[in-house]
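Chemist: Sequence:
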Amino acid sequence: MATSKQKQKSSASFSGKGLAAGKVGVLGAVVIGVSCIAPAYTLTSGLGPTISEVGTHVPAILLLGFIPMLLVAFGYKELNNRVPDSGTSFTWATKAFNPWIGWMGGWGLIAATVIVLSNLAAVAVDFFYLMLAQLFGDPAIADLTRNLWVNIPTTIVLIALAAWISYVGVEATKAVQYVLVVVQIVVLGGFVIMAFRGVSEGTAFDATPVSLDWFNPLSAGDFSVIAAGVSLSIFMFWGWDTTLTMNEETKDPKTTSARASIIVMLVIMTVYISVALAVVAWAGTGDEGLGAGNPENQESIFAALAGPVMGPFALAMAVGIMASSFASLQSTMVSPSRTLLAMGYYGALPPRFAKISPKYRTPSMGTIFSAAAAGTFYIVTRLLSENALWDTITALGLMVCFYYGITALAAVWYLRHELFESAKTVLTRLVFPLLGGIMLLVMFFKTAYDSLDPSYGSGSSLGGIGMVFILGMGVLVIGVTIMIITAIKNPAFFRGETLPQVDSTTDTYMGDVVGAALEDGDATTASAAAGSNVANEQAATAKAANNEKDEDQK
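Our numbering numbers the first residue of the sequence shown as 356 and each following residue consecutively.
It cannot be assumed that every hint is accurate.
[Claimed, not checked] Simulated restraints on C-beta separations:
(1) 544 / 501: 29 to 35 Å
(2) 382 / 436: 19 to 25 Å
(3) 666 / 771: 54 to 60 Å
[Claimed, not checked] Dumping the calculated DSS-like pairs for lysine-lysine here, alpha-carbon to alpha-carbon at most 27 Å:
(4) 609 / 714
(5) 606 / 714
(6) 609 / 779
(7) 779 / 606
Treat the hints as calculated values from the structure; they're not laboratory data.
Every residue, glycine too, gets a C-beta built ideally from N, C-alpha and C.
All chains, please: the whole structure from these sequences, using the hints.
Modeler: In structure tokens:
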């Protein structure tokens, strides 16, 4: 009885890994999830390339991209209900398959988020100087973003600021996000209204009546075209799983994050379809002037269209996209930092990655590393190629398909002994995640093959190989290399000693055991308990006690 009370007391203040528990409800998680996807930023960066691939059929492609996301979400929901762990893809794939697949699943998530952090900062900086130019009526200010000596330091400062807000805790994160999310949703709503008004009044650049055919993917082109478009649309939906990486910090880890993730996707779907229809209806898909198919407009579609569509209110769009980019920059820090925490906690990375801030109860090392990696990646890509933004966005689709697909299949395998409990579980534990996982992995291999072509993405290449393929596969190769080095130096995890391969009927969730070991709140490295013999002995003792209790009851 005393032990039970101690655990309740411990879990009320912090999770098994030392994170602050019970801080976020459904609304807060939804806000953070929406901000992580960053609809204003994502649309200005991803809508143009998607239109260039599929033309007016972008609504159909968005719907196609939404389907595997929704199917995969059911798998995430089932896994989160059974094992609410901040490591998400890493932890679940390790338990379901083996440490090697789990490690690469975690790496896919970390790599994707670090890459997008650099892009988020870049877009925020672009629109920061654009906002200043519009505010002071001096177009020359907007050109400062092309000056590397101005652009790079500004970007690094922005990344550092976002990391600091994330470091001081999810409550600070949540408070900032409420304001920034409202700003971007209001601005996007205003853009949609003004665009359709321009179409109706005949002032649109290339007024194109909305047609039901836009929602028909079969008329979008061949499979390669559809695959490229869906890969980009998947990037546009990516980020909803951030609500799950913070599950240990929510008021109800088993339900809050799962509910929030579904709500986030429905909200984002509504926003995307509305804006896509407005852009195509107002600008058309031509490749000249303000046409949405013009390559000069595709890197930032709103930078080209905000002024003509919104007139004097174009400044609001610059503010909205800057707010969206910064909001996502800050909230996206949540995901890699907590995945790194889990990997350090279970010994898949050096123990220092499991360090928790004693004051804020946030992943200190994970947050600092994520920010440093994002800053480094930005500097390198900015110096190497002007087309890096477009190519990394396309490569991000590869990373997202990779780790989402692994996680969806992990749900099926982990729950394999409980698939047929009811008609509902057949759908949510087998059919939906299996279909979603297969679809995403097919997309991964198809996009990887197509991206070998130098003309894929921005058209940049190296040695006759497309830059998108080099970026995407290069990141995975780096991950494999780091994994092998880690396995040599810290073999316990890869032998299944710290996070064993189990299924839903044999799993003993370790969070409470380790949480009790850290009850005094003084420890700053959770992995010291998880990876030590003491933790293993506690787990064995707890399991033995449960077995004895069951025998007594029988």
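Chemist: Now, for every hint given, state plainly whether the structure supports it.
Modeler: Hint-by-hint comparison with the structure:
1. 544 / 501: 29 to 35 Å: Because 31 Å falls inside the window, the suggested range holds.
2. 382 / 436: 19 to 25 Å: With Cβ atoms ~20 Å apart, the hint holds.
3. 666 / 771: 54 to 60 Å: holds, 58 Å
4. 609 / 714: holds, 26 Å
5. 606 / 714: Since the Cα atoms of residue 606 and residue 714 sit roughly 20 Å apart, the hinted pair holds (cutoff 27 Å).
6. 609 / 779: With Cα atoms ~18 Å apart, residue 609 and residue 779 stay inside 27 Å; holds.
7. 779 / 606: Given that 27 Å is the threshold and the Cα spacing comes to 26 Å, the pair holds.
Consistency note: the structure conflicts with none of the earlier hints.
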